[in-house]
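J.: If you read the protein sequences in the order shown, they are chains B and L.
Position 131, counted from 1, in the first sequence is what the numbering used here calls 131; the numbers after and before it change by one each time, with no gaps.
With positions in the second sequence counted from 1, the corresponding number in the numbering used here is that position plus 1000.
Hints listed in this document are in silico derivations from the structure and should not be mistaken for laboratory results.
Treat each hint with caution, since some may be false.
[Said to hold, decoys possible] Chain L stretches covered by chain B per the calculated footprint, using a threshold of three residues with CB under 8 angstroms from any CB of chain B:
#	segment
1	1030-1038
2	1041-1047
3	1055-1065
4	1199-1208
Cβ atoms here follow ideal geometry from the backbone N, Cα and C, with glycine treated the same way.
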Amino acid sequence: MNGKTTIAALVMTLMTAGAYAADKACVELKTSGETESEVVENGQKVKRLVPVGKAVPGDQIVWTITATNVCKTPTDNVVIANPVPQHMTYVANSAMGTGTDIAYSLDGKEFKSAAELQVRAADGTTRAARADEYRVIRWTFKAAFAPGATAFVRYRATVQ
Amino acid sequence: MVRFRWLSVAALASLGASLVAHAAGTPAGTNIQNTAQVSYSVGSSNLTATSNTSTIQVAERLDAVLTLAATTVQVSPGANGRALVFTLTNTGNGSERFHLTALSAGVVNDDFDPTLATPAIYFDTDNSGDFSGGDVAYNPGVNDPLLAADASVRLLVINNIPNTVVNGNRGRSQLTAAAATGTGTPGTAFPGQGDGGVDAVTGTTGGDSVLFGEYLVADVQLTAVKSQTILDQFGGARPLPGARINYQIVVTPSGSGTATNAAVNDLIPANTTYVANSLQLNGAALSDTADSDAGTFVSAPAAEVRVTLGNLTSASGAQTVQFAVTIN
């Protein structure tokens, strides 16, 4: 590759990135709720996630959020945030996401790791926040999304 | 409050206490909605996007819990119109109507069958906690109780006691409450039949509850009278912090027959502290520990003195329990 083509390619890339950023979203996000259900496959009982449209208090829902890069350029600094839905309680230690740092928030503003998150009482004393107090979960991807790449994050919450 | 009763009844009552109703949870028909957000950068541009909104509808959970005010009711042979006092609580998350049925003949593990009165089930309409003139009879299919989530209603099951029973006989009578929408093993679904047309699903109780109470034949009657004297630290009788209150409970048996395993259980009043080793029965000191003598002081779950009086007849005479507390 000679120097001229390198520069040309770079210009192309920048132009493409600029064009997509201006008129097309590059990351598409999908949220789905499922329940863990025991089904029989080939005579074996196995647990499978099945889509759910209804639930009763006490039911546990698995929320899955899938992000896909639909552009022809990489996307950086991908951060997914999901408020725990109203009428639901986050299930301790259930958040997962390959290649992400997971943080939690009590107010939607300040995010910290589960170990660092503190609750301050009226008298000034602090204690570790309980999982059922988490209101927002945030996943920060450590690597960029290549064009066409897809990744999902997941957690469980119980219907109050 | 002084409670005196047969010892075996006290044991049953503690079982009833564990059946505490749970809060009903998110109301039936609520839509739970979830939308996620993403932020990212492409080149030097920072962008955000939101996901679809995923919706889960909360179905109606069918659950019922019955409890008894007292698991055992003392009766005399031939007594008419004796009530067992139940409370029905809708522990589901929707508004639900309940069908009620009472059964006395064929309830197992008792000595006699009480005879259900006609009608057999009443509402405690005047909220008196017993069977009285203002109470309205339950008429199946006509006035089935409709309870909001977490709401409860007091119900009376009325029986007559045969003349043939003898002292110490026990006869059981049971009440069944079933959700009108349906009952079945937990998880049984009734599509579209819940509040506002949402699905209904039976919860952990299966949508119904069955509970029996017991009539205990006792010709002997026990009465308890509690009195107190206050001694403050300045030689007066004012209820000051630090003052001592001496309590006296006199249990008097009357009538014929024997009260078997009679016992006095008395809670230590709030904001007072039991004076160690102050418990006495008929003037004789009793140790606080659970041992061979009749008295025990228990600190948990609630501070209480307990004295077993054994089998009492009118010939036993009055039994005097004494103990002391200090005001905190």
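J.: Now tell me, hint by hint, if it's right for this structure.
T.: Hints, one by one, checked against the model:
1. Check on the segment 1030-1038 of chain L: 8 of its residues sit with their Cβ under 8 angstroms from a Cβ of chain B, so the three-residue criterion for coverage holds.
2. Note: the segment 1041-1047 of chain L has 6 residues with beta-carbon separation from chain B under 8 angstroms; the three-residue rule is met and the coverage holds.
3. Check result for the segment 1055-1065 of chain L against chain B: holds, 7 residues qualifying (beta carbon to beta carbon below 8 angstroms, three or more required).
4. Evaluation of the coverage hint for the segment 1199-1208 of chain L: fulfilled, as 3 residues show C-beta separations to chain B shorter than 8 angstroms, against a requirement of three.
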